Amino acid sequence: MPEPSTGKVGAVLVVGGGIGGVQASLDLADSGYKVYLVERASAIGGVMAMLDKTFPTNDCSMCILSPKLVAAGRHENIELLTQTEVLGVTGEPGNLRVKLRRHARSVDLAKCTGCGDCLTKCPVRDLTNDFEGGLNKRRAIYRLYAQAVPNAPTIDRAQCLKFTKDKCGACQKACKAGAIDYTQQDQEFEVEVGSIVVTAGSKIAPTVLRPEYGHGRYPNVVTSLEFERILSASGPYSGHVKRPSDGKEPKRIAWLQCVGSRDDSVERGYCSAMCCMYAVKEAVIAKEHAKDVEPTVFYMDMRSYGKDFDKYVERAEQQYGVRLLRARVAEVREDPQTRNLVLRFAGDSGQRSEEFDLVVLSCGFVPPPELAELSKRLDIELDRFGFATTDSWSPTATSRAGIGVAGSFAQPMAIPETVTGASGAAAAAEEMLSAERGQLAVVKEMPAETDVRGAAPRIGVFVCHCGINIGGIVRVPEVTEFARSLPHVVYAEENLYSCSGDTQDKIKDRIREHRLNRVVVASCSPRTHEPLFQATVTEAGLNPHLFAMTNIRDQCSWVHMKEPDRATEKSKDLVKMAVARALRLKPLPKVKLPVTKAGLVIGGGVAGMTAALALAGEGFDVFLVEQEKTLGGNARSIARTVEGDDVRARLADLAAKAGCHPRIKVFTGAGIKAIDGFVGNFQTTIQRDVGGERKEESFKHGVVVVATGAQYRTPTEYCYGQSPRIVSQKELEQALESSNPGPLDPFSFRSVVMVQCVGSREPERPYCSRICCAEAVKNALKLKELNPDTEVYVLYRDIRTYGLREEYYRQARQKGVVFIRYTPERKPEVRIEAGRPLVTGFDPILNQAIEFAPDLLVLSSGLVPQAGSEQLAQMLKVPLNAEGFFLEAHMKLRPVDFATEGVFMAGLCHFPKFIDEATAQAQAAAGRVATILSRDTLEAEATVASVNPDRCSACHMCEGLCAYRAIEVKTINERTRKQAAVVNEALCKGCGACAANCRSLAIDIRGFQSENISREIAALLD
Amino acid sequence: MGESRVPGAATDMTAGGEFSPKIVAFLCNWCSYAGADLAGISRIQYPPSIRVIRVPCSGRVDPFYILKALQSGADGVLISGCHPGDCHYLTGNYVARRRFAVLNDLLGFAGIDPGRVSFSWVSAAEGERFAEVVREVTEKVRLLGPNRKLLKEEVA
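Respectively, the protein sequence lines represent chains A and B. Under our numbering, the letters of the first sequence match residues 2 to 1023, in that order. Under our numbering, the letters of the second sequence match residues 21 to 176, in that order.
Hints are supplied without guarantee of correctness; some may be wrong.
Unchecked claim - DSS-like, lysine-lysine: derived pairs with alpha carbons at most 27 Å apart: (1) Lys88(B) <-> Lys587(A); (2) Lys696(A) <-> Lys658(A); (3) Lys563(A) <-> Lys507(A); (4) Lys563(A) <-> Lys160(B); (5) Lys445(A) <-> Lys696(A).
No lab work stands behind these hints, which were simulated from the structure alone. Note that the coordinates shown come from a computational prediction; the quantities given were computed from them, not determined experimentally.
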């Protein structure tokens, strides 16, 4: 039931158009809110638009970002306000008036076609191109980047001759659309919104923080972001890796970590959280560009703490030959003759120096100075570094009610955490405005569908270069020419990026110009890009199922990199097959399904309870199922966070709120017996003890949130279990907080040794558990607080107190905690002598053996997947990764979604993480859920089975094969008593098991018709 | 087109004259197609022998398609679906497995080496395994040589 309006405004202002702002905008707009997306630059995209590839999947950044930018750019409920800044905010949460200033673009967005004719005519051509790190020049009229959304250029009025000297006007003459408008003025105006989400981002640390590294003085010292542009196919060197000084290909490339990070001397004490991974990625990609590159990464600790990060770093070392050198570089000097760079550094083997051709500074991230001004205008608090202050339990809230935050404006974080926070901040805004959903949102009008029945096929083929991802290997012009020669192909063209906004518009134009009634795109995976192209053809009046896609990137250029000829031949074959399939594609009707506006949350820990409360706050009913007798999950065994938050009090508060919320039905001591159905229409049966009896209950819901958590691993190493003086980190924490610690009385310890990575980062568990370093630091600090004389030694491989947690690592060292590194080849050894643990090891810095006989040995043994994950995964038909954690739909951009629609995840079941991260992910799940539950109906799959009753012999074979009970033989004509199979389209998933088994060839699958598949086979081989 | 092409057959010879088979691969959308994508994303190299046809489920693959491919001159056919128990459509891969067990006998009866038709499980997380399957299947079919058995030959 829609709630009565509370007089608030059903609109949200999002400040900052990077990936965080775009995600928040899309979630809000898809859930029934009007969005104003404000961006200072002339296009959205932010830092992610500057990146070449993303770790750990090496996805092309623009390829995965571009569809989101396009979606935001054309969403009927998102108003893009580029070149716009916030001047001030007045009012109360729910009713905010925001004053904005839009700077004149001097280009009319309504008229500009993005053709680029103006760009080549501008005579002012030597301006520093900041987007390209200053590595090439731009003109006074320029487009921020090739795939920019909006795709219109902007005029730099400080440099344009029309404005400085009142002459020229070349761009206006060149513009056939009449879009250049020199008379545009800056505009100030106000918008009314209910809430604000700030996703203003951060920028890379200025290199002046490390003048001894010579950036700005030596041309061959570049920043990491400049190197991303060097790698990028659309960058200043077109993806050719060369040195700025002489254009030569560098062989020896060095990455210097922690520039402007982990550095108290320049008041940048925090870790920037992503530099280790991006540096290793850049090294890998550089190596892919030129095989003889010898990359070296100089680092302090390798902080590959995320999902699949350690495996990525290992692959970089083993397969790509990336040299990882633990050393701090003191100075970079240039050889004036060769312009090579000599690095002086101190590592395990003392002082050394080495020469390199190119040096990349892995700059950390800092809040841009202008954000200090923005925070004043928004009246939100910043911490001492200039990041927006947040709280572990409300990681997407700023200090001011009604204003949320996500992404690296809150603290340094990578793309998945940014996207997660963005969906979470969207959910928080929706909670406050739940009664105003739909108030200002409009419903998109689609053009009437062109009737293609009976018309001769007119096929258009679009072949993608994907920058150099395809075009660098496959000869795209040749493939395009070949496509043109195929029967019924009336048009073919090649595109630099088929997914970019301008190409989408171009495809629509071509459909109209050439009266295309079938469209084929040869580019990347339909799994990621088919929806985008289907939306595009729909906007041009074609049924989305008149579109066929073939994947010449993942199946050709990327996997046959050394065989360009055969990759090109294979691409031609794939295009030929797609054209053959397209030939007989039929328009498919839409099927609408009702949505049960309730969610099932599995798991009642921090993530589960947070997700349940957020969903209930958004106005949806929730079933919260917990297998234990009480709510709380793993957090019950945690007393404090490293930041000092009282976890028990917060947990009690969460449990109380969840327990008494009128929209939340809590089932404790309950197990899931069965989950049936599909997005919008699930039915779940649970079992639980009621008065000593095992009882079953069933309920209906529209979505599922998996929040089943993980388990602390019980160590099997280092004599654990053989002495009361050997405990796990969790047991130590409980003793430290207990009023009656028994034999583990902290005051009785004179010395404590902690061993990190126990059972983690091992072949059988090749991942980092992410939380153990901060846990060890937390407990070490507590030991020192209780008794400053206690000696604490932490034996570690890499200390991974990423982000703002670095501060506590620093404090621990300051308080005298001794950190001693060990290598996996020379792990510490433990034996028990006279009832005490005896620890021996090797200190690589002192280069000598060490030995301890501590009063207590503490083992950090990490987290392992929850028991029963496999059964649940099978019930939901969702995947687990190799280690047994739930596998998200996309590691970068869909971190809380499963590939299966309507199923989401939050918390430790996804991967080990801290409470603030689990909370953000739980809120994010609620944000994603709202995009489904806010609708009254969903459009069902059109690709379902259909029966030709004239052929059906009513043999009943299909009934037994259907796992969904979606097909049934019925009497279809009472008079003739004719029987035939009938498909329930709401239940049918289109798997095709019935069709492939039908003896009478009476069943077919829409969109995967037998005829199309047969033609595809025949086309390849004729 | 390949220089030394057998008329009516799809098979190419590489420049060195070595037989390089052409294999039609039916990949299910949810697991194996995603596994192939992952192989791409991870830049895992494998022989350019397969031509992928995306199907919703391995259970969608009608034995007729396999015969049709062989009849049209494919040297081999690969069908790959989700691991047992992981099928996006619950049981489609089991249905497929049963069906192909029967097909195997038929192939033998028709004088086609059953080694030309392979069935595998590859999940969305198994890029390396996908590449390995392609390498194995390619090698197996390469050793069997070009498929001439079911080819429709032109009447002189």
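To see whether the hints hold, each was checked on the structure:
Restraint check for Lys88(B) and Lys587(A): the C-alpha separation of about 23 Å stays at or below 27 Å, so the hint holds. For the hint linking Lys696(A) to Lys658(A), the alpha-carbon distance of about 26 Å falls within 27 Å, and the restraint holds. Note on Lys563(A) and Lys507(A): the hinted pairing is violated, with a Cα-Cα distance of about 32 Å set against a maximum of 27 Å. Between Lys563(A) and Lys160(B) the CA atoms are separated by roughly 22 Å; this keeps the pair inside 27 Å, and the hint holds.
At most 27 Å may separate the alpha-carbon atoms for a hinted pair to count; Lys445(A) and Lys696(A) exceed this at roughly 47 Å.
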